[in-house]
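Chain by chain, the residues run as shown.
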Amino acid sequence: MGVSGLHPPRPFPQAARDAVNSPQLRANLRKVTTTIRDKRLRAVGELPHWEELRRLGAATKDASLANLSDRLLELEASVRARGGHVHWARDAAEARELVAQIAHAHEVTELIKVKSITSDEIELNAALDAHGIRAIETDLAELIVQLSNDTPSHILVPAIHRNRAEIQALFNAQLGEPEPLTDEPAVLAAAARRYLRQKFLTTKMAVSGANFAVAETGTVCVVESEGNGRMCVTLPEVLVSIMGIEKVLGTWEDISVFMELLPRSSTAERMNPYTSFWSGVTPVDGPQEFHLILLDNGRTDVLADEVGRQTLRCIRCSACLNVCPVYERAGGHAYGSVYPGPIGAILTPQLLDMADKNANTLPGASSLCGACYDACPVRINIPQVLIYLRGEANEDKGVTLESLAMQGMRYAMSEGWRFEGAVKLARLGQGPLVHGGQITALPGLLGGWTQSRDLNAFPAQSFREWWRKRDAKGGLPEDSA
Amino acid sequence: MKIDLFITCLNDALFPRTGQATVALLERLGHEVRFNPAQTCCGQMHLNTGYRADALSLVRKFVNDFRDAEVIVLPSGSCAAMLRELAPDAAHWEGDEALRAEVEALSGRVFELSEFLVKKLGVEDVGAAYPHRVTYHPTCHAMRSLRVGDAPLRLLRNVRGLTLLELPHADECCGFGGTFSVKNPDVSTAMLADKARHILETGAEACTAGDNSCLMHIGGGLHRLRSGARTVHLAEILASTDGQVWA
Ligand code: SF4
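Which chain is which? The protein sequence lines are A and B, in order.
Just so we're aligned, residue 1 is where the first sequence starts under full-length UniProt numbering, counting upward by one.
Just so we're aligned, residue 1 is where the second sequence starts under full-length UniProt numbering, counting upward by one.
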């Protein structure tokens, strides 16, 4: 049912069908996305300089990406200088191995995790499982997803597809509470807190992601709303942070602009509740061993592409998901990877180097309405990248029915008279399909249209035929239907 | 003013009345309207479906057909967005900087009909009469790419006899998206269902917009539902007078 890692198990149109046809799921999604959407508009509307901030956010990220290798080397040096260890992972397997090795070195069989999409990207939990190590999610929504053997369907609200009754049933079955829990949010949250408290106080090792890292100071930053993440990065003895290489920024000042952009875009809050920073290790305070894993996993290739590069600006705020009409209907799982919604539709196929057939259907999972671009705090022109990637995806497909149809159309449109002829032919050919001026069933590639829509038949006269007659008479436009 | 019309491929073949109404409207406002019959298509469908080379050959054709135009007016927001925004990008992606420069040089003269009337000509009352209850759907490209803003609403508010009804969740995409509607029919249908419901909630007789592609999709859905509500292109409303009704 769920998905993990990057590789979509099915093409998007197929995967979306199930979700679209589940009324409960659609209602859950619609409710949450509409609420966040309205709140975000209000939060953003409060800042008169929002557009300038967005430009600044985009420029800051671009500047850092333009010198990425220098930034990363600087980060490595600063982290080491502060007593931390730095590892470079070319792909998911290398990153997983590194975490497992560190866990083995400390002989832990259980570790706690701060919500981290990067660790989901590399399918860390399953890999640790195979090593006999249990990873426990501490973000409430992630915990819900984990306990139900599911996978996240939203970057920020991973359990967006679950409602309260489902969570009540799940907690009653899994948390080992003495009394059955009611479905009150406070009761459910308290039960989760009791469970997690015990884990925080007894677990020796933690794994986190990173929202940002500052090269200058070797500081890693996690932004979250519950405070459970802060517990993870302060209480255990050993902390491992995994970050995609695009998360690095130059200086402290760079972070400030994202502290304004991120909370308003993601949770529609003015300020983020818990923002944790740590730089290497501090004797007697916090984890005494710190590892930073820098993950590539396809990012260098994305960086090399002039058009696709802007994708790496993403700060995972999820604003694009919440405004996306396709995400709202299809849900996160339809995207088949840990990155759902508009950002997933461009990031996933690129990370896989446009070589995964199912992932290459993702750029098609958009009506190109542009709402994502308007919402994106770092101005990623998602529609532009989508269109570009559709072209890249077609490169390897060779000759298909679709490509032939497109070529045929292009040929017909290569001269005005040719197009006129093609329209006349279509008018003749449509005969058997037309009933009462409408076409209600189309064959072949176009069949999807008549699933829910009728189509006007070609009228008796095209515009250019009408124009020619009118021109000949030199007369006024007349009603000629 | 000498106006060159670009009657997009869809309008030409399937919705000729939109083109005819555009001619009637612009001539009524005292302009000289020209139509170069060599023109065909802006290439949007090809580009959006990922057929860049095919798209660019159509863009090149467009540039050739319209090189000498003073202004180019078209009754389609999405084709205007294609010509102004995407075509230069696509030429650049394919390394054709000459074409990019040419299409960019032309793009400042390309106008969607409602923005041409309101922003370029400064006309908000075109002297139209249309005694019907109408709701307006702002199409995505006109709204987010061209930023036509409330230009269409200003025009509609000045139409005699017209009752303008506010569309709930107006800024949500209708789910057309060109080939998206046939390649992802389930999601497209779900989006259409919501749009149709909102239109019917207004009690309007007709839903109007500046783009026949979206209207073909919405209208096709409304027809399938046997709802009685229909779709009408903005140009046909603006061209209508007491003497002559275009739609
Ligand atoms: S693409 Fe933009 S809007 Fe979407 S998650 Fe990334 S930063 Fe946020």
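Note that these hints are calculated values from the structure, not bench results.
We put the beta carbon where it would ideally sit given N, CA and C, even for glycine.
Possibly wrong hints are sitting among the right ones.
[As the list claims (entries may be wrong)] No farther apart than 35 Å at their CA atoms in a straight line, the calculated lysine-lysine pairs in the DSBU-like style are these: (1) A:357 / B:183; (2) A:397 / B:2; (3) A:473 / B:183; (4) B:119 / A:357; (5) A:357 / A:397; (6) B:2 / A:469; (7) B:119 / A:469; (8) A:473 / A:424; (9) A:39 / B:2; (10) A:397 / B:183; (11) B:183 / A:39; (12) B:2 / A:31; (13) A:31 / B:120; (14) A:473 / B:119; (15) B:183 / A:469.
[As the list claims (entries may be wrong)] If the Cβ cut is set under 7 Å, some of the chain A residues that face chain B in the computed set are: (16) 17; (17) 399; (18) 425; (19) 454; (20) 464.
Against the structure, the hints:
1. Taken as a hint, the residue 357 of chain A and residue 183 of chain B pair is honoured in the structure, with Cα atoms around 15 Å apart against an allowance of 35 Å.
2. For the suggested pair residue 397 of chain A and residue 2 of chain B, the alpha carbons sit about 45 Å apart, so the restraint of at most 35 Å is broken.
3. With a C-alpha separation of about 44 Å, the suggested pairing of residue 473 of chain A with residue 183 of chain B is violated against the 35 Å cut-off.
4. Between residue 119 of chain B and residue 357 of chain A the CA atoms are separated by roughly 45 Å; this puts the pair beyond 35 Å, and the hint is violated.
5. Of the supplied pair hints, the one linking residue 357 of chain A and residue 397 of chain A holds, its CA atoms being roughly 9 Å apart against a limit of 35 Å.
6. In summary, the hint linking residue 2 of chain B to residue 469 of chain A is supported, as the alpha carbons are separated by about 21 Å, within the 35 Å threshold.
7. Distance restraint check for residue 119 of chain B and residue 469 of chain A: the Cα-Cα separation of roughly 32 Å lies within the 35 Å cut-off, and the hinted pair is therefore satisfied.
8. Of the pairs offered as hints, the one joining residue 473 of chain A and residue 424 of chain A holds, with about 23 Å between alpha carbons and a cut-off of 35 Å not exceeded.
9. Restraint check: the Cα-Cα separation between residue 39 of chain A and residue 2 of chain B comes to about 47 Å, which exceeds 35 Å; the hinted pair is violated.
10. Under the criterion of a C-alpha separation no larger than 35 Å, the hint pairing residue 397 of chain A with residue 183 of chain B is consistent with the structure, at around 16 Å.
11. With a C-alpha separation of about 33 Å, the suggested pairing of residue 183 of chain B with residue 39 of chain A holds against the 35 Å cut-off.
12. The suggested pairing of residue 2 of chain B with residue 31 of chain A is violated, with an alpha-carbon distance near 51 Å, which exceeds 35 Å.
13. Only pairs whose Cα atoms come within 35 Å are accepted, and residue 31 of chain A paired with residue 120 of chain B is rejected, the gap being roughly 41 Å.
14. The suggested pairing of residue 473 of chain A with residue 119 of chain B holds, with an alpha-carbon distance near 33 Å, which does not exceed 35 Å.
15. Between residue 183 of chain B and residue 469 of chain A the alpha-carbon distance is near 38 Å, which puts this suggested pair outside the 35 Å criterion.
16. Look at residue 17 of chain A: its Cβ gets to within about 5 Å of chain B, closer than 7 Å, so that hint holds up.
17. A cut of 7 Å between beta carbons decides the hint on residue 399 of chain A: the least distance to chain B is about 12 Å, and the hint is violated.
18. Because the smallest distance between the Cβ of residue 425 of chain A and any Cβ of chain B comes to about 11 Å, over 7 Å, the interface hint for this residue is violated.
19. The beta carbon of residue 454 of chain A is positioned within 7 Å of a beta carbon in chain B (closest approach about 4 Å), and the interface hint is therefore held.
20. For residue 464 of chain A, the shortest C-beta to C-beta distance to chain B is roughly 5 Å, which falls under 7 Å, so the interface hint holds.
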